[in-house]
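Dock chain C against the given chain X, drawing on the hints supplied.
Protein chains: 2
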Amino acid sequence: MRNFGSSTMGSTILRDERFAILEECDIHYFQKVVGERAVINDKDELEAANVDWLGKFKGASQVLLRPRTTKQVASILQYCNSRGIAVVPQGGNTSLVGGSVPVFDEVIVNLGAMNKILSFDEVSGVLVCEAGCILENLDKYLAEHGFTMPLDLGAKGSCQIGGNVSTNAGGLRFLRYGSLHGNVLGLEVVLPDGTIVDMLGTLRKDNTGYDLKQLFIGGEGTLGVVTKVSLLTPAKLSSVNVAFLACQDYLSCQEVLVLAKKKLGEVLSAFEFLDRSSLDMALDHLEGMRDPLPSAKQKFYLLIETTGSNENHDKEKLDVFLEDAVRTGHVVDGVVAQDNSQSSAFWRIREGIAEALNKAGAVYKYDLSIPVKDLYQLVEEMRAKLGDSAIVIGYGHLGDGNLHLNISAPKYDEKLLLQIEPFVYEWTSQHKGSVSAEHGLGFMKPHAIHYSKTPETVQLMVKMKNLLDPNGILNPYKVLPSIHI
Amino acid sequence: MRNFGSSTMGSTILRDERFAILEECDIHYFQKVVGERAVINDKDELEAANVDWLGKFKGASQVLLRPRTTKQVASILQYCNSRGIAVVPQGGNTSLVGGSVPVFDEVIVNLGAMNKILSFDEVSGVLVCEAGCILENLDKYLAEHGFTMPLDLGAKGSCQIGGNVSTNAGGLRFLRYGSLHGNVLGLEVVLPDGTIVDMLGTLRKDNTGYDLKQLFIGGEGTLGVVTKVSLLTPAKLSSVNVAFLACQDYLSCQEVLVLAKKKLGEVLSAFEFLDRSSLDMALDHLEGMRDPLPSAKQKFYLLIETTGSNENHDKEKLDVFLEDAVRTGHVVDGVVAQDNSQSSAFWRIREGIAEALNKAGAVYKYDLSIPVKDLYQLVEEMRAKLGDSAIVIGYGHLGDGNLHLNISAPKYDEKLLLQIEPFVYEWTSQHKGSVSAEHGLGFMKPHAIHYSKTPETVQLMVKMKNLLDPNGILNPYKVLPSIHI
Numbered sequence: 000m001r002n003f004g005s006s007t008m009g010s011t012i013l014r015d016e017r018f019a020i021l022e023e024c025d026i027h028y029f030q031k032v033v034g035e036r037a038v039i040n041d042k043d044e045l046e047a048a049n050v051d052w053l054g055k056f057k058g059a060s061q062v063l064l065r066p067r068t069t070k071q072v073a074s075i076l077q078y079c080n081s082r083g084i085a086v087v088p089q090g091g092n093t094s095l096v097g098g099s100v101p102v103f104d105e106v107i108v109n110l111g112a113m114n115k116i117l118s119f120d121e122v123s124g125v126l127v128c129e130a131g132c133i134l135e136n137l138d139k140y141l142a143e144h145g146f147t148m149p150l151d152l153g154a155k156g157s158c159q160i161g162g163n164v165s166t167n168a169g170g171l172r173f174l175r176y177g178s179l180h181g182n183v184l185g186l187e188v189v190l191p192d193g194t195i196v197d198m199l200g201t202l203r204k205d206n207t208g209y210d211l212k213q214l215f216i217g218g219e220g221t222l223g224v225v226t227k228v229s230l231l232t233p234a235k236l237s238s239v240n241v242a243f244l245a246c247q248d249y250l251s252c253q254e255v256l257v258l259a260k261k262k263l264g265e266v267l268s269a270f271e272f273l274d275r276s277s278l279d280m281a282l283d284h285l286e287g288m289r290d291p292l293p294s295a296k297q298k299f300y301l302l303i304e305t306t307g308s309n310e311n312h313d314k315e316k317l318d319v320f321l322e323d324a325v326r327t328g329h330v331v332d333g334v335v336a337q338d339n340s341q342s343s344a345f346w347r348i349r350e351g352i353a354e355a356l357n358k359a360g361a362v363y364k365y366d367l368s369i370p371v372k373d374l375y376q377l378v379e380e381m382r383a384k385l386g387d388s389a390i391v392i393g394y395g396h397l398g399d400g401n402l403h404l405n406i407s408a409p410k411y412d413e414k415l416l417l418q419i420e421p422f423v424y425e426w427t428s429q430h431k432g433s434v435s436a437e438h439g440l441g442f443m444k445p446h447a448i449h450y451s452k453t454p455e456t457v458q459l460m461v462k463m464k465n466l467l468d469p470n471g472i473l474n475p476y477k478v479l480p481s482i483h484i
Numbered sequence: 000m001r002n003f004g005s006s007t008m009g010s011t012i013l014r015d016e017r018f019a020i021l022e023e024c025d026i027h028y029f030q031k032v033v034g035e036r037a038v039i040n041d042k043d044e045l046e047a048a049n050v051d052w053l054g055k056f057k058g059a060s061q062v063l064l065r066p067r068t069t070k071q072v073a074s075i076l077q078y079c080n081s082r083g084i085a086v087v088p089q090g091g092n093t094s095l096v097g098g099s100v101p102v103f104d105e106v107i108v109n110l111g112a113m114n115k116i117l118s119f120d121e122v123s124g125v126l127v128c129e130a131g132c133i134l135e136n137l138d139k140y141l142a143e144h145g146f147t148m149p150l151d152l153g154a155k156g157s158c159q160i161g162g163n164v165s166t167n168a169g170g171l172r173f174l175r176y177g178s179l180h181g182n183v184l185g186l187e188v189v190l191p192d193g194t195i196v197d198m199l200g201t202l203r204k205d206n207t208g209y210d211l212k213q214l215f216i217g218g219e220g221t222l223g224v225v226t227k228v229s230l231l232t233p234a235k236l237s238s239v240n241v242a243f244l245a246c247q248d249y250l251s252c253q254e255v256l257v258l259a260k261k262k263l264g265e266v267l268s269a270f271e272f273l274d275r276s277s278l279d280m281a282l283d284h285l286e287g288m289r290d291p292l293p294s295a296k297q298k299f300y301l302l303i304e305t306t307g308s309n310e311n312h313d314k315e316k317l318d319v320f321l322e323d324a325v326r327t328g329h330v331v332d333g334v335v336a337q338d339n340s341q342s343s344a345f346w347r348i349r350e351g352i353a354e355a356l357n358k359a360g361a362v363y364k365y366d367l368s369i370p371v372k373d374l375y376q377l378v379e380e381m382r383a384k385l386g387d388s389a390i391v392i393g394y395g396h397l398g399d400g401n402l403h404l405n406i407s408a409p410k411y412d413e414k415l416l417l418q419i420e421p422f423v424y425e426w427t428s429q430h431k432g433s434v435s436a437e438h439g440l441g442f443m444k445p446h447a448i449h450y451s452k453t454p455e456t457v458q459l460m461v462k463m464k465n466l467l468d469p470n471g472i473l474n475p476y477k478v479l480p481s482i483h484i
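These protein sequences, in sequence, are chains X and C.
According to numbering that gives the first Met the number 0, the first sequence is numbered sequentially starting from 0.
According to numbering that gives the first Met the number 0, the second sequence is numbered sequentially starting from 0.
Think of the hints as simulated: they come from the structure by calculation, not from any bench.
Just to be clear, a hint being listed does not mean it is correct.
As the list makes no split between identical chains, a pair holds if one copy fits it or if it spans any two.
To be verified - Calculated cross-link-like contacts (lysine-lysine; reagent style DSS-like; alpha-carbon spacing at most 25 Å): (1) Lys410 <-> Lys431; (2) Lys139 <-> Lys55; (3) Lys261 <-> Lys139; (4) Lys70 <-> Lys462; (5) Lys235 <-> Lys296; (6) Lys414 <-> Lys384; (7) Lys372 <-> Lys235.
All of these numbers come straight from a predicted model, not from anything done at the bench.
With the rest of the complex left out, here is chain X:
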C-alpha cells in the first residue's frame, strides 16, 4: 500500500491484486522478443523512467522495454495480457498529470526507439511516422520541405508524437490549426491483447465505417498503444507579427477577440491574455523583464500574433485592426514588435509566468476550459474568497477559452487548499467548463472527471475500457475513477 499524495485527492490506492508479479521467466521472454539490450533494468535508467516530469509521482517498475517494431509491441502486450502483467506505455514522459509513469510495478514500454519518419508527401502535406518521433525533430524535418507541424508545445524537445496523440495535446498553434482530432489522418495501434489495428490511412476523407482511431486520440494509453501516426501538416508561412495590447476591463478583451477574428481573420494565429497580477508576477520574479507598456498600469493585457504568407498584407491588416480597436476604446495602449527580438520578449513574458510563479513560492495550478464570457469571473470570485491570504492570477489562451488559474502563496497550506477545492472544480462544472483543458486526467485527476462529464458518459467510457482491455492491464489506475479502489 502506497500513498500517492495528489494534493487534491489525498486518497490511498492499493495495487490491483489481479496483476501478476514479474518473474525471471518474464524477463527472459522479453529478452527473446526485443533483444537483451532493449530490456532495461539499470537502476539509473529505471529511476528516471519511474518518476514524472514534475517529480510528483514515483513508480517502482523493475523493467523498461524498448521495442523497435510494432510486432515487438504486439508480442509484449499479448504476453502481458495472457500473464496478467500490467503495462505503462511511455513516450517522452512529459505528462503533467502523472499519466506516463508506473504507479506500482507496471512494465514500462517506451516507444522512443521507434523514431523513424516513414513518408512525407509534399503535394498533400501528409506525414507518416513512428510514434517515438520527437515533436521538434518532426517540425525541423518538415521545415526543410516548407511545412510545419500543426501543434507546438513547450515540451517539444522531448515529447513524442505518439504521446501527443495519446494525450490529444493542444498547445500554441491550436487556435490556428485546431485539434488533433481533425489533423490526425490515421493511426496504427496495438490493442491490449496484442492485436495490431492498422488504421494508418493518409486520406483527408474516408467515410468507410466508424472513425475508431478517434478513441485513441486522448485515450491516454489506456485503450491501446499508438505505434504509428499519419498527420496532415500545413504549409509553413513566412510572415509573423506580434502585438502587446492593454485593455481596461475583461469585456474589452472579449470585444477585441471578436474584432480580431473579423479583421485579422485568416492570419490570426494566437490570442493570449494575462491580467495585471500575471504581468507583475513576471516582472517581479524574472530577470531582464521589462513592462512593454510602462506609461500606465492596466488591468488586462493581450498578446496577439498573426502568421501569413505576405508580410505587407499582414502588417496592413494588423494596422487596420489596431486602429479599430483603439478608436472603439477597447484597447487603451499597445505596441507592435518591430523585430524578432521584441516579439520574443513579448512571448517571454507570457511564457515566463509559470516560471515566475515557481520562484514566488508555493503555487496551486489549474488548467481549465470555461466559456469565454464567464472565464475571468472565476479569477475574481477566487480573489474575493481568498482575500489577502494569497495572490490569484489568471492568464491563458483566451482564443481557445483556456484559463490558467494560479494561486500563489508563501507556502503550501491545507486550509488554503480547502478554500480553493472543490470550489474551483464546482464553479467550473456549474459553468459547463472542463477541469482539464489539455493536460488530460492521467493519475492525478480521475476523481475529478465527474465535474466535467455526466455519469452516463463516464459509464460509457468504462464500457469502452472493458471492451478493449478486459483484463485492465494497460496503463492501470489512470483516467477512469472506477479503477481507483
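Below, chain C without anything else, positioned relative to chain X:
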C-alpha cells in the same frame, strides 16, 4: 424476401427475424409519447419517407414518428429496444447510399421537428442547436451574426445538421475548415437503449476522458441518434475570388496545388479539378454553358477559389500566384472571374458535371479518396480498359484527394459493370484509398468496407456496434457487412 438491387451488390437480403412486427399497441404507445399528430401513417408522407433521394431504395415502413424533444426520442428508443422493434433515424433524407430509409418495416424516427437554435456565442463562434436544423437555415442565421457554417453541401436546403454529423459530411468548405471531427465540439446522443448521453460541451479544449462523441460523427445512425449539436463556426469573410486555369498534364495540376498552398496559403478555399472529358460533358449537355478558355483545348482544368478578409490583399496574392504558375509553365491558360456572375459561371461548370452526366445517358458513379499523386492514374487505366465502350471522366476536390470517377454509357449493361467492378475497388484498395470518401457506406456499400478497412478494424467496429446496440435495432442492415445475411 426482397431484392434490393444495388447494381454493385446484386445481393439478396432477408428481414432479420429477431425484429418484432409492429402491433396496434405499439402505435398507441407512440401516440402517448409524441402525441397523435406526431405519429404519421398517411400514405403519401410515408411513401416519401420510405424512398431515398436517388429513388434507388424503397422501404416498407408503416409509421413515421416526429419527436419534438430528446426525452421523446429516448422513450421511443427505450420502448423499441425492449420490444425488439427496428428503427431508422432520418434527417433530411438526402443520403446517396441509402442510409436514411428503412430497408423493411423499420419505424422511421424523423428529427425534423427538433429544429431549434439553442444558443450562439458571438465571442467564441460556438453554435448549439437541435439535430433537425436545416444546414442552410443555420448558415443564414450565422450570416446575420458575421459567421458561417464550416460545411456547405449541394443538399444544404434540405439536409439536417444531425444527419451531417451522423454521416461526417465533407462538402465544399472542407479544404479550408476541415472535418467535422475537428469542428463538432459537443453532441447529445440517445443510445439504442434510450440512455441520453449529454456530451454537449461548448469548449474547444476538453481532455477529461475519452472523446466518445467522435464515434457518433460518421456512425451513420447505427450507434445512437444525435439529438443536439455544438459546433465551432468561423467568421464569415468578405472577399472571394475565383480563377479557372488550364494545365497540359496531371503532374502540372499537382505542382499548381503545391504552389497554391505556398502562395495563396491562408486564403485558399477551394482547389477543384476536371479533365477535358468532364468539361466537354458539361458543355455538350447543359444549356448556356461556355468554355471559359476557348482558344485551345487542354487536358486538365482547375477551379481555384480564395476567401479572405481583404479584397486587395487576396487579389494581389492571386496575381503573384498566377504569375508564378504561368512562368513555370504549369499553367498554360487561365482567366480570373471579374464579377460574381462570372464566378458563378465557373462554379456552374464544376457543379453541373453530375447533371450533365445524367442527361448523357447511363452513369456509373464512384466517390473515391486516393493519394493525390496516384489519383488520375485510375481514370487513365479505366479509360484504357474500357476503350470505346464508354466515356470515362474524372473530376473532384483535388485539394482533398477526392476523385469523382464517372463512367458514361448509352445504357446500363451488366458486362460493362463487370469490367468496372471490382476493378475500381481493388485498384483503390491497392493504392490505400477509400471506396467512400464522403458519402458513407449506408445500405449500398457495406460489402465494400474491406477494400478500405482491415479485418481487425472491421471486427472492432462490430464489437462497438454490439456494445452500444446489442439488439441491433438501430438502422439495421447498414454500414457493417456482418449484418448482411
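Cross-check of the supplied hints:
no.: 1; hint: Lys410 <-> Lys431; result: neither (31 Å within a copy, 58 Å between copies)
no.: 2; hint: Lys139 <-> Lys55; result: neither (32 Å within a copy, 52 Å between copies)
no.: 3; hint: Lys261 <-> Lys139; result: between (32 Å within a copy, 18 Å between copies)
no.: 4; hint: Lys70 <-> Lys462; result: between (27 Å within a copy, 23 Å between copies)
no.: 5; hint: Lys235 <-> Lys296; result: neither (37 Å within a copy, 35 Å between copies)
no.: 6; hint: Lys414 <-> Lys384; result: within (13 Å within a copy, 79 Å between copies)
no.: 7; hint: Lys372 <-> Lys235; result: between (33 Å within a copy, 21 Å between copies)
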